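Protein chains: 2
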Amino acid sequence: MEKHPVTIKDIAKRLNVSVSTVSRALRNVSDINPATKEAVLQLAEELNYEPNYMAQSLVNKKTRIIGVIVPAIHSNYFSEALSGMTDVANENNYYLMFCQSNETFSQEISSMKKLVACNVDGLLLSISKETKDPAEFEKIREKGTPIVMFDRILPDFCCNKVIVDEYEGAFKAVEHLIKRGCRRIVHIAGPAGLSISENRMQGYLDALKKYKLPMDEKLILRCKAFEDDALPAIKKIAHLRPLPDGLFAINDRSAVLAIKYLRSHNISVPEAIKVAGFNDDPISEAVEPSLTTVMQPGYEVGKLAMGILIDEIKNKPNGNQTIRLRTKLIIRDSSK
Amino acid sequence: MEKHPVTIKDIAKRLNVSVSTVSRALRNVSDINPATKEAVLQLAEELNYEPNYMAQSLVNKKTRIIGVIVPAIHSNYFSEALSGMTDVANENNYYLMFCQSNETFSQEISSMKKLVACNVDGLLLSISKETKDPAEFEKIREKGTPIVMFDRILPDFCCNKVIVDEYEGAFKAVEHLIKRGCRRIVHIAGPAGLSISENRMQGYLDALKKYKLPMDEKLILRCKAFEDDALPAIKKIAHLRPLPDGLFAINDRSAVLAIKYLRSHNISVPEAIKVAGFNDDPISEAVEPSLTTVMQPGYEVGKLAMGILIDEIKNKPNGNQTIRLRTKLIIRDSSK
DNA sequence: AACGTTTCCGGTAACGTTGCCGGAAGCTCA
DNA sequence: TGAGCTTCCGGCAACGTTACCGGAAACGTT
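Heads up: the sequence lines are chains A and B, in that order.
Numbering of the first sequence is given in the working numbering, commencing with residue 5 and proceeding in unit increments.
Numbering of the second sequence is given in the working numbering, commencing with residue 5 and proceeding in unit increments.
Treat the hints with care, as some may be off.
Which copy? The list can't say, so a pair holds if one copy fits it or any two copies do.
[As the list claims (entries may be wrong)] With a cut-off of at most 25 Å between alpha-carbon atoms, the simulated DSS-like pairs for lysine-lysine come out as follows:
no.	residue 1	residue 2
1	147	17
2	264	340
3	17	65
4	117	264
5	117	213
6	66	320
7	147	13
8	240	222
9	318	147
10	66	117
11	117	41
12	318	332
13	239	340
14	13	65
15	332	176
No lab work stands behind these hints: they were computed from the structure.
A quick note: this is a predicted structure, and the numbers were derived from the prediction, not measured.
Please model the complete structure; the sequences and the hints are all you need to start from.
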């Protein structure tokens with residue numbers, strides 16, 4: 005028990021060869037007699053040899069670890085993305101080290117520093133809602149650690165980015181509401197300054213413009229935070245006069261809250277107000293009436309972002325491209 | 005650009021002292037002149053020195069990395085648990101390395117081997133639905149890597165475990181249905197052999213027994229897989245005669261599917277059949293009628309499991325305790 | 001038979017850190 | 001004033017691996 009794990013030295017000693025020979029045999033390089041190689045491999049198998057990861061990465065300066073930071077894993081979208089990432093990481097023999105920022109800038113930075121201190125080969129990042137300043141990220145990049153941002157990005161920061169085409173998704177959703185007859189469409193918007201908030205808002209605005217509907221500031225209701233903080237905004241809806249006939253929410257949770265609220269105030273959905281959300285969370289199918297929404301391919305975003313990062317690690321091109329994945333409008337009963 | 009990261013040697017050279025001195029200064033141990041210590045710390049700060057993680061863990065044989073394997077991160081419950089784990093890991097200066105088994109035994113084992121090869125200090129594990137045999141886990145434990153299982157456990161495997169009291173949760177849910185007048189209660193059960201399936205089933209059975217209701221094999225509908233595979237089982241419900249008046253599902257997704265199915269077949273919920281689920285997923289609140297369910301504290305499970313593991317890493321007691329967290333019955337409209 | 005070439009292997013240094021040992025200087029005290 | 005103690009520091013080995021160099025042996029060529 006408790007005996008030390010078997011090393012390359014143990015094998016060398018037992019076989020009466022040098023450690024370099026064992027190392028060569030194990031690493032499948034040339035300059036090795038097939039017979040001795042066979043012997044080494046066999047003994048390694050027998051002794052259940054596992055190369056020491058730390059030692060390897062100490063000498064070749066690669067850890068094969070990818071650091072991932074998301075605002076909150078507890079979110080359908082991010083867990084989908086993480087799922088895609090782990091699958092790709094696994095296929096490519098990379099490890100995935102995970103942190104969450106809990107939507108705060110301070111935790112984001114401290115996580116990032118920890119990951120960098122851990123010598124991660126690359127960083128996958130979706131920023132918190134507080135994050136505005138790319139200065140800290142610059143430092144990291146200067147050290148040579150590639151960064152790929154996904155979903156919540158800093159547009160001005162130079163790195164590869166993978167996002168979904170939120171603008172187009174929002175545009176399609178609002179256009180759909182308009183085509184179904186809505187003329188006064190409320191928008192429940194996200195925190196200002198965040199790329200996803202701005203993009204979705206712009207899609208909303210441009211759809212109005214295309215169909216020559218007036219933009220009314222009073223119809224744009226900002227939420228300070230994400231997720232459950234939409235209620236104050238929602239409560240304003242019932243007091244708007246004239247009553248709006250459509251609602252486009254930044255995410256499904258807000259949309260569902262809105263549906264529940266409206267219905268409890270005897271405002272019928274979809275008859276009086278048609279509603280569309282964003283995300284295609286499981287709740288969108290469960291709610292009554294089922295929610296028209298914009299599906300974003302979270303799993304695909306994760307896969308793609310990880311793929312691009314690994315590619316960048318291998319080939320060091322230091323890119324600055326933005327890849328936009330298409331969304332899909334899922335039409336359900338809330339806009340009937 | 006591209007210059008190598010600053011090491012302890014660089015500091016030593018600039019200060020004309022030895023590396024050991026720098027190391028001592030940095031590590032805050034005795035045997036060091038306050039003045040030189042100050043100088044070292046200051047220069048380290050100035051040069052932005054970060055200790056090389058790999059080198060450190062190579063010598064002291066601790067990585068401060070915890071490996072986590074779950075069946076699928078894309079699940080509300082597991083992402084909650086993971087969230088708790090990361091938060092505790094962060095507080096204690098541990099890193100979290102993440103893998104998913106995608107519900108297969110093979111991926112579970114290969115992930116585990118990778119994590120162990122990576123010298124993780126400990127392992128947090130929730131097994132796949134295929135996993136029956138603890139042999140591989142034994143090997144790991146023999147190497148001295150502590151394991152804590154959570155949620156989906158192997159009861160016979162000797163290690164600390166953190167689960168929710170599924171039995172009690174199921175019992176309470178079924179008891180609640182009975183008290184609301186149900187006499188023929190269907191159970192949508194999970195894959196056989198999995199601890200959570202068995203425990204919830206037992207709670208169901210014992211609640212029936214307590215209230216002297218007959219157990220009817222035809223009312224127990226097994227699903228082969230989790231999540232979305234419940235539909236074949238659900239479709240049988242409408243054909244049961246006499247029609248059941250209650251339904252307890254192994255999870256909320258199945259319960260929601262059932263509600264949708266029943267209602268589309270003009271079987272009213274809760275009037276004709278009252279329904280209860282398990283998990284308290286967000287969908288349970290969204291669905292119409294809102295779903296009575298059993299809340300399990302996923303975040304708490306994650307926190308606790310990580311805490312226990314870290315404790316075990318520090319103190320090496322090699323425990324074999326099972327901690328059960330209480331569930332909470334959330335009564336909503338589906339059982340009115 | 002002498003020379004060049006290939007095949008295979010061992011030795012050594014290095015990666016960045018810590019732990020241990022020994023020793024020089026300065027101090028205290030009889 | 002020298003013995004003993006404390007304070008502080010440098011040197012060396014080690015962790016497990018890879019990279020590089022040089023060389024012995026075997027082989028082939030003329």
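For each hint, the structure was consulted:
no.: 1; hint: 147 / 17; in the structure: between (40 Å within a copy, 22 Å between copies)
no.: 2; hint: 264 / 340; in the structure: both (17 Å within a copy, 18 Å between copies)
no.: 3; hint: 17 / 65; in the structure: between (27 Å within a copy, 22 Å between copies)
no.: 4; hint: 117 / 264; in the structure: neither (42 Å within a copy, 48 Å between copies)
no.: 5; hint: 117 / 213; in the structure: neither (44 Å within a copy, 57 Å between copies)
no.: 6; hint: 66 / 320; in the structure: within (13 Å within a copy, 31 Å between copies)
no.: 7; hint: 147 / 13; in the structure: between (34 Å within a copy, 19 Å between copies)
no.: 8; hint: 240 / 222; in the structure: within (10 Å within a copy, 51 Å between copies)
no.: 9; hint: 318 / 147; in the structure: within (16 Å within a copy, 33 Å between copies)
no.: 10; hint: 66 / 117; in the structure: both (17 Å within a copy, 19 Å between copies)
no.: 11; hint: 117 / 41; in the structure: between (42 Å within a copy, 24 Å between copies)
no.: 12; hint: 318 / 332; in the structure: neither (33 Å within a copy, 50 Å between copies)
no.: 13; hint: 239 / 340; in the structure: within (23 Å within a copy, 27 Å between copies)
no.: 14; hint: 13 / 65; in the structure: both (22 Å within a copy, 17 Å between copies)
no.: 15; hint: 332 / 176; in the structure: within (9 Å within a copy, 41 Å between copies)
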